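Residue numbers (our numbering), protein chains in the order written: chain A, 1 to 109; chain B, 1 to 92; chain C, 1 to 337.
Don't read these hints as lab results, they were simulated from the structure. This structure is a prediction, so every number in the text was calculated from the model and none was measured. Among the hints, a few may not be true.
With a straight-line Cα cutoff of 27 Å, these simulated DSS-like cross-link-like pairs (lysine-lysine) come out [unchecked claim]:
(1) A:Lys96 with C:Lys204
(2) A:Lys96 with C:Lys26
(3) C:Lys26 with C:Lys91
(4) C:Lys26 with A:Lys100
Some, not all, of what chain B presents toward chain C, calculated at C-beta under 7 Å [what the hints assert, rightly or not]:
(5) Asp55
(6) Leu59
(7) Leu66
All C-beta atoms, glycine included, are put in the ideal place defined by N, C-alpha and C.
Spelled out, the chains give:
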Amino acid sequence: MAIYLGLALDIFSWLLLVTGGGFVLIGAIGLLRMPDFYTRLHAASIIDTLGAWLILLGLILQSPNWMTALKLIIVVALLLFASPTTSHVLAKAAHKAGLKPLLGKDAHD
Amino acid sequence: MFLVASIALFIAMAMGIARALLGPNVYDRILAMNSVGTKVVLFIALYGFITERPDFVDLALLYALLNTLGTVAVLKFVERAFPTQQYMDGKQ
Amino acid sequence: MTSLWLNAVLLIFLFIISISILRTRKLFSAIMLTSLFSLLCAAVFVGLDAVDVAFTEAAVGAGISTVLMLGALALIGSNAEDRSHTSTHRKAFAMCVSLFTGAVLLYGTIDMPRFGDHRAPAHQHVAPRYINTSPQEIGLPNMVTSVLASYRGYDTMGETLVVFTAGIAVFGLLGNVLKRQREKDVLPDVGEHDGEIVLGIFAKLMVAPIILFALYVQFHGDFGPGGGFQAGVIFAAALVLYALVFSVESLMLAVPLRAIRILMAAGITLYAGTGITTMLLGGQFLDYNLLAHNPVHGQHYGVFIVELGVGISVGAVMLSLFYSFMNYRPQQRRPGK
Numbered sequence: 001m002a003i004y005l006g007l008a009l010d011i012f013s014w015l016l017l018v019t020g021g022g023f024v025l026i027g028a029i030g031l032l033r034m035p036d037f038y039t040r041l042h043a044a045s046i047i048d049t050l051g052a053w054l055i056l057l058g059l060i061l062q063s064p065n066w067m068t069a070l071k072l073i074i075v076v077a078l079l080l081f082a083s084p085t086t087s088h089v090l091a092k093a094a095h096k097a098g099l100k101p102l103l104g105k106d107a108h109d
Numbered sequence: 001m002f003l004v005a006s007i008a009l010f011i012a013m014a015m016g017i018a019r020a021l022l023g024p025n026v027y028d029r030i031l032a033m034n035s036v037g038t039k040v041v042l043f044i045a046l047y048g049f050i051t052e053r054p055d056f057v058d059l060a061l062l063y064a065l066l067n068t069l070g071t072v073a074v075l076k077f078v079e080r081a082f083p084t085q086q087y088m089d090g091k092q
Numbered sequence: 001m002t003s004l005w006l007n008a009v010l011l012i013f014l015f016i017i018s019i020s021i022l023r024t025r026k027l028f029s030a031i032m033l034t035s036l037f038s039l040l041c042a043a044v045f046v047g048l049d050a051v052d053v054a055f056t057e058a059a060v061g062a063g064i065s066t067v068l069m070l071g072a073l074a075l076i077g078s079n080a081e082d083r084s085h086t087s088t089h090r091k092a093f094a095m096c097v098s099l100f101t102g103a104v105l106l107y108g109t110i111d112m113p114r115f116g117d118h119r120a121p122a123h124q125h126v127a128p129r130y131i132n133t134s135p136q137e138i139g140l141p142n143m144v145t146s147v148l149a150s151y152r153g154y155d156t157m158g159e160t161l162v163v164f165t166a167g168i169a170v171f172g173l174l175g176n177v178l179k180r181q182r183e184k185d186v187l188p189d190v191g192e193h194d195g196e197i198v199l200g201i202f203a204k205l206m207v208a209p210i211i212l213f214a215l216y217v218q219f220h221g222d223f224g225p226g227g228g229f230q231a232g233v234i235f236a237a238a239l240v241l242y243a244l245v246f247s248v249e250s251l252m253l254a255v256p257l258r259a260i261r262i263l264m265a266a267g268i269t270l271y272a273g274t275g276i277t278t279m280l281l282g283g284q285f286l287d288y289n290l291l292a293h294n295p296v297h298g299q300h301y302g303v304f305i306v307e308l309g310v311g312i313s314v315g316a317v318m319l320s321l322f323y324s325f326m327n328y329r330p331q332q333r334r335p336g337k
């Protein structure tokens, strides 16, 4: 029974780590290929946060003692607060400085 | 399994650094540095698990804090130093 | 084998970044590249299995140092460039001197033992004694702290004095901030700055947990990576975050300059005072065995107090540097004022 639990934990964390790595890669591709700053910001911050959460969750399931798991949970909580704030501040600063977003052909602005 | 995630993180870091070197204006570069910083945090946590030394998570926590602090500091500086700039010509 | 690849990749990155730092003319990008350089150095230290050093390098180099250099750049001007016009002869001469010195140093390393060789003198005499006897004599799990605070405690006191001297030197160079602060009567504007509500709430939320983390790093330094230097820097980073989001004046209401000056001196006094206490108790300077009836407990007390002194001093000096940079107004200094 304990072996199955360990195996299930391993498979689950492997899944989380691979998915998280995949999301981080997608976010980086978006960072590189998107045409405009605001779209890049959207891609990078949202997908980075999700990928980071998945990877850290996979690590939490693998941690040897509860102290490491607690520290990783604190890192997750910190990223929960800090990533959206950083992207908000970036967008606000860029907008205040006059950086205009790339609008589509049928936008009236 | 940690190795797969590490390789993904390295490739993503390289792409982020490429954007930091390319990005036409300073906000692109700050965004790229923030993104690379988050990946460094993830890599430090992963490396701690690879080398079986869970002390590294302290380092990851520290760098997550410093990443946000650094981004806020640079943004405040840029706001104070380059108040309005025309970005239409793509020059920094 | 993987560590070889990792080190090679990181060193190549470091080389590329240092070339970029040399070649860029804008000081702002030089500062950001230096911050990236410090981060990669921290990664190299992690690869070399030196976690405490990596911790300190990340905290100081990639964190506080970048903020302080940006503050210094804000004093100079926004579009600061490197406008030095040295002649070609001087540059050629400097290049020759650098190459010659580098060649001599490289020639000197030929005689050195291979990296990690167990027969090297550094691994023969002092290090085995520390590693073998530290668990019995001092009993702290983190051997780096025991070497730093106890075996080489006098050296660490010198380092703290260097940090303190840097703080005093910046005070001396940038003028008397305290007097100028008393001259302005205007009440600073505390509260959200420019309508930045989200960042204001974030900063208010984050200050207390970051200070808590600094205390954790300070006191956990006996068991894991950490210690006084890192804790002081993180403490200063928390307050710097608050001052960046709100104004520096609002931080000076909470943590006044006089308190910072007293704390700067208090930390180093704590350290040296421990030494003098052990001398008064009949032993040598910084001989912690005398602080309690059980020598190992005495070592624990000594390391605890000494690291606290280092943390207080380093945090106060970093914050005073930040105050000095942010409050310096060069155009107000008229002769006869």
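Here's how the hints hold up against the structure:
With a C-alpha separation of about 23 Å, the suggested pair Lys96 of chain A and Lys204 of chain C falls inside the 27 Å cut-off, and the hint holds. Taking the CA atoms of Lys96 of chain A and Lys26 of chain C, the gap is about 23 Å. The hint holds against a cut of 27 Å. Using a Cα cut-off of 27 Å, the hinted pair Lys26 of chain C and Lys91 of chain C holds, with the two alpha carbons roughly 20 Å apart. For the given pair, Lys26 of chain C sits about 25 Å from Lys100 of chain A by alpha-carbon distance, which is consistent with the 27 Å threshold.
Taking 7 Å as the C-beta contact cut-off toward chain C, the hint placing Asp55 of chain B at the interface holds, the least distance being around 5 Å. Taken as an interface hint, Leu59 of chain B checks out: its beta carbon lies about 6 Å from the nearest beta carbon of chain C, inside 7 Å. The beta carbon of Leu66 of chain B comes within 4 Å of a beta carbon in chain C, closer than 7 Å, and the hint placing it at the interface holds.
Consistency with the previously given hints is maintained throughout, with no hint failing.
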